Amino acid sequence: MQTIEGLLLEPVGCLAEFPPGPFHEIAVRLFGRKGKASPSGSRSYWHLLNLMQTDATPWDATRTDIAETLEAEAVAGASIYEDVLPVLAELPTMGIRLFVASSLSRAAVTGFIERSSLREFLSGVWTRDDAGGVKSAPLLSALGGACLQPGKVMFLTDTVEGINVGRSVGVQPILMMNDPDEARRLAMHHPAGGVVSLHEIPDFIRLIAARNAG
Amino acid sequence: MKKVSIYRPSTVDEAIQILSQHGTSAAVYAGGTDLLIRLKNRLEQAPTYLVDIKKIDHLRYIKEDAQGGVEIGTATKLAEMADSRLLQEKYPMLVEAINKISSPELRNASTLGGDLLQEVWCQYLRGGYSCWRNGGYLCYGAIGDNSYYHSAMGGRLCYAVYPGDAATALIPFDARAKLATPQGEKELSIEHLVPGDMLVDGKIQSHVVRYNEILTSVVIPPPKPGMRASFEKLRPRGVWDFAMASLAISLQLRDKTIDDARVVFGGISGKPYREIAVEAFLQGKTLNAELGEQAISVALANAAPLKYNATKIDMAKGLLASGLARLNA
Numbered sequence: 000m001q002t003i004e005g006l007l008l009e010p011v012g013c014l015a016e017f018p019p020g021p022f023h024e025i026a027v028r029l030f031g032r033k034g035k036a037s038p039s040g041s042r043s044y045w046h047l048l049n050l051m052q053t054d055a056t057p058w059d060a061t062r063t064d065i066a067e068t069l070e071a072e073a074v075a076g077a078s079i080y081e082d083v084l085p086v087l088a089e090l091p092t093m094g095i096r097l098f099v100a101s102s103l104s105r106a107a108v109t110g111f112i113e114r115s116s117l118r119e120f121l122s123g124v125w126t127r128d129d130a131g132g133v134k135s136a137p138l139l140s141a142l143g144g145a146c147l148q149p150g151k152v153m154f155l156t157d158t159v160e161g162i163n164v165g166r167s168v169g170v171q172p173i174l175m176m177n178d179p180d181e182a183r184r185l186a187m188h189h190p191a192g193g194v195v196s197l198h199e200i201p202d203f204i205r206l207i208a209a210r211n212a213g
Numbered sequence: 000m001k002k003v004s005i006y007r008p009s010t011v012d013e014a015i016q017i018l019s020q021h022g023t024s025a026a027v028y029a030g031g032t033d034l035l036i037r038l039k040n041r042l043e044q045a046p047t048y049l050v051d052i053k054k055i056d057h058l059r060y061i062k063e064d065a066q067g068g069v070e071i072g073t074a075t076k077l078a079e080m081a082d083s084r085l086l087q088e089k090y091p092m093l094v095e096a097i098n099k100i101s102s103p104e105l106r107n108a109s110t111l112g113g114d115l116l117q118e119v120w121c122q123y124l125r126g127g128y129s130c131w132r133n134g135g136y137l138c139y140g141a142i143g144d145n146s147y148y149h150s151a152m153g154g155r156l157c158y159a160v161y162p163g164d165a166a167t168a169l170i171p172f173d174a175r176a177k178l179a180t181p182q183g184e185k186e187l188s189i190e191h192l193v194p195g196d197m198l199v200d201g202k203i204q205s206h207v208v209r210y211n212e213i214l215t216s217v218v219i220p221p222p223k224p225g226m227r228a229s230f231e232k233l234r235p236r237g238v239w240d241f242a243m244a245s246l247a248i249s250l251q252l253r254d255k256t257i258d259d260a261r262v263v264f265g266g267i268s269g270k271p272y273r274e275i276a277v278e279a280f281l282q283g284k285t286l287n288a289e290l291g292e293q294a295i296s297v298a299l300a301n302a303a304p305l306k307y308n309a310t311k312i313d314m315a316k317g318l319l320a321s322g323l324a325r326l327n328a
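Line by line, the protein sequences give chains A and B.
Numbering follows numbering that gives the first Met the number 0, with no gaps: position 3 of the first sequence is 2.
Numbering follows numbering that gives the first Met the number 0, with no gaps: position 314 of the second sequence is 313.
If you are wondering where the hints come from, they were derived from the structure by calculation, not from laboratory data.
Treat the hints with care, as some may be off.
[What the hints assert, rightly or not] Quick look at which bits of chain B chain A covers, simulated, 3 or more residues with Cβ under 8 Å:
1) 136 to 146
2) 150 to 159
[As the list claims (entries may be wrong)] Label-pair restraints from in silico Cβ distances:
3) A:P201 with B:Q66: 26 to 36 Å
4) A:G94 with B:H191: 25 to 35 Å
5) B:K1 with A:G20: 52 to 62 Å
6) B:D200 with A:P201: 50 to 60 Å
7) A:L84 with B:S146: 27 to 37 Å
8) A:E4 with B:R41: 32 to 42 Å
9) B:Q122 with A:R62: 43 to 53 Å
10) B:Q282 with A:L84: 28 to 38 Å
11) A:G131 with B:S188: 56 to 66 Å
12) B:G317 with A:R62: 54 to 64 Å
These figures come from a predicted structure and were not determined experimentally.
Note that CB positions come from ideal geometry on N, CA and C, so glycine has one too.
Just chain B, same shape as in the assembly:
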């Protein structure tokens, strides 16, 4: 394992100071289920200085806000989210998604922030290949085995998929992320937090968080009246794995009429893929047994599968049909 030094700041401001001081050679350390593996695998981009934020107060909580929404500190464990009665009552689809992340053991360690900002799980990156995310200039996933963890929707240098489930599930609720930065607090939508391959501070990463910024909380607005939501996930191993394809879907219904829809696919693109064409198609339609088949016909028209992963598009479309069927049940 790469040798590292660990800081244990007690406030967010102190953490930001340390991160600013060390530049891109430092990184936030919370659950460690992604970061420690990158260190163990001696990846080029793994940090030398870890800023452990577990001791910072006010980063680990789930609380209802004044508007009836919920704010979740990003050091909150995924297991705590899964067990939260507040989340189960207000956002059962989110809890369903959280319960499908990894294994119970890992959910006890992993944090919400870590799930949102995790590195991709491309086997070539994790295997130490000199790829775009590891100091090199070539995507081995694009030309190698891309059956599971690579994009079927095109790419921008790196073709690995964004692996997090929490972001996919949070987008239908129009959730927003709060960041602490040297210039003060910043807030942005989850879609804007993880827009896919970005060049940030000289690195390719799936999110826009800079080296000296800390994701502090996620705010979910109160559930809209008549909202029904569902999360579906297909993975290579049923017990625990990353999504080959997943779907978070929410419908705002007036009787059986769809007033508004959110359709977000995971596991098929470098970002949680919001399918605006299907959302527009669903608006004003009546939720019935035939709607799934009709929605499939307009879904993922921009698909650009690699050699071995065209099946992911079929999976995603299948999830759309089953998701709508489930919401109609």
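Okay, chain A solo, but in the shape it has when bound:
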């Protein structure tokens, strides 16, 4: 793995545990999804992103309003992982640039950043509104906007879709092993690496640099 210079952060599943209900509700109300919500916020979210990506209908003000209202509800219900702040404070001191690259709306991401007090650590924020799309679009915008070499960038994710999206844009998809059983399944999809907790990221980056130096 190349020496890391930046991190792309998708708040859902990477920085906080989001409730699945609001994402499922968007899928039901805007895309006619049937069935029960997944118990995992990340899986509900990425399922919704798949629906958004394949939807050809232009979004009017009503649809946008429904999505943003429910996403705001998801942000309000999110439990931020306890190690987020110390780790995101440490990484810039190591020369690592941090970007939020999210498929959430600008309003939701802004709300999340304010709630979690992350603003001062971030070099840039890209949302689906800024990027004009979901999944790979915010990642590509962040990479292009900051002139980052994809191979030198980690993208933290806890879903198969996240691993695949990361790989499709050339960044290093790193598995957040939040649930051991789920992580065991996801490890079969060949992420570039995996961490049990965000607090491992600084040592992860140091180890890569040390191996490359050797």
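Given chain A, put chain B in place with the hints provided.
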């Protein structure tokens, strides 16, 4: 087995020169009970050049020092330590611990240095998985079967436990390690020698010894007056295995009053886990039958078990109770 070249230096200085010349592709070879298995399993981090230190004089001895302590050369076999009358007289708990390491056959080959600096025995690493210690970037123990050989006290990338018993047993005696380095001799406590997952020379390892340094001896201070110590070990197989949980405990007693205590757990963390909270709790207390139960209530408050190993914490607490009961007997 991976192909290797072997050097047989006759002095420590010569060994250090060779190690410095080959960098991280060389490693010290003594008993071989860990190293040769890593070579056999073709692990990524296994060395290509072995520096055999068995022929070096002055690395294999057990002798009393001027202060009444004991110095042990690190090429000393574990079996020789177990048979040593000097160690049996001065540090019976250490001998008890040594006798619980592995099997008699392996103790005949294994050295003290090798036991202190051995690689972890995670089944995923030893099975060749591309984990943190084997060139990869993921801990399979954290998400796989972690019932036996993984930390219940959190981790730092790698979640395997530090497997050595000798370090756990040496810490209560405030033992120190001597290292030969290109810059001269270095001395540090056993706790500082094996502080758990460290990034050293681009590798993750449990100890701080660099690629061109050699652990030469361990110095144990003279036993303190009134000191009583005990070593307890629970393992998956009773005949021989690594600890699921172990405990080395020493109390310095004045009659029944505890003036000082050392409590070190093995097998539950990436390092010998010194439980300062219990040590502080025990200080000034009277050693009696109830103390074990009371000590348990303050023990291992920072436990962070993985999915399948919470029982290790219960085991460790049980060992604390039985260790104190034994010292009270």
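Enumerated hints in conflict with the structure, sorted upward: 3, 6
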